[in-house]
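Working from the sequences, and respecting the hints, build out all of it.
Number of protein chains: 2
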Amino acid sequence: MEKSKKEVLVLEDILGSNKKIAGSIRQKLLEHRILTVNILSSPGSGKTSLLEKLGLKLQEKYKVGVIEGDVETERDAERIRKAGLPAWQITTHGACHLEAKMLAQIFDQIPANLDFLFIENVGNLVCPASFDLGESLRFVLLSVPEGDDKPKKYPEAFITSNVFVITKCDLLPYLPFDADRVTAEALEINPKLEVFRTSALTGEGIDALSQYLENKLQELRSKNA
Amino acid sequence: MEKSKKEVLVLEDILGSNKKIAGSIRQKLLEHRILTVNILSSPGSGKTSLLEKLGLKLQEKYKVGVIEGDVETERDAERIRKAGLPAWQITTHGACHLEAKMLAQIFDQIPANLDFLFIENVGNLVCPASFDLGESLRFVLLSVPEGDDKPKKYPEAFITSNVFVITKCDLLPYLPFDADRVTAEALEINPKLEVFRTSALTGEGIDALSQYLENKLQELRSKNA
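Protein chains in written order, with this note's numbering: chain A, 2 to 226; chain B, 2 to 226.
Everything labelled a hint here was simulated from the structure, so no lab data went into it.
Under the rule of at most 27 Å between Cα atoms (straight-line distance), these lysine-lysine pairs were calculated in the BS3-like manner: (1) Lys-153/A with Lys-102/B; (2) Lys-54/B with Lys-193/B; (3) Lys-102/A with Lys-153/B; (4) Lys-6/B with Lys-6/A; (5) Lys-21/B with Lys-6/A; (6) Lys-7/A with Lys-7/B.
This is how it looks when you write it as structure tokens:
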């Protein structure tokens, strides 16, 4: 379905301007030697639940912070704070994704001594994929109840991510979801994806994901020594 | 978070042009006395599974058709056809919602003698809410595994819908989802919502929803006699 010429020009304009701001955010984050993860998924895939578990695990050894992106409400930031992690809210009031300029506006609230900064994007498997936020890594989450046919139906999020996290794996015995099939399909779209199976309920995969992020932090710091 | 003046102008332009085309589609559908339902939800909430059951139930007495909107692939249309219902695919190739002009492009494929036309929108709880497609009714679906905190986090879809369908209710005994709480919250946002609890697995709520649609078809036809 073709976009009008005007729509294409404005979109290019927005994306171009976003890319510039994201580049400057990325530079600052790397100067502070912070590993930043942009987390994408549909509403209800378990982004906040994963962050509660993963954030607490990392917080045993590191300084962790979370930026919460939501269309409305501060519910997720409240959950994260209740779990014991610092959280900063960005409410988009209708917008379907975070943009780098939104981060720029709250950037001076982010402590420079963080080790890990997680950005929970707006719940939307489509639009956030087009917007670089200056992150070091991008995660795409898909929960078992959503079904194993999603990667090819929503390819952009999988193409642009570094890590594919299958969430709510405690439900695998009860629902028709083939984790091997969905992994193969995701890797077909993007062979560089690292894949993790997790459950915020049982804790499955949290240690492995935490170890992966520790390694990535070391890599980032040895490159930016 | 403020949009730039240029972004606001272009958005108004797109929505204004969409409204005009939607108006002309609505008029044609009413001339044909077709009841059209635009279905919104996150990816994986069970739009296609609901349509398989509801469409077959209605097809016992009526002529039913389905338009399938997807970012990529024709998987959902194939499922609907396999279930025994006619389906027409709109693949948006990246776009996060259906627009009226996309429907206009395939409109001559839709038989004029349908009773019910369902439009399964792109899986996205945010963007499709802003685009009128000329429908008679709008449904918003939320599945039990997505969590009961969604209406206020994604209000637009609930504000602009006529019907709120809670899907995958067979999972209610196993997951922390308070159906009364989510119903109360949705009605707080939009007191006119009709609420149905359904399960495509057990068939719960399918007869009630089918009866509701039959009544709405009679209403439409008595108004447009």
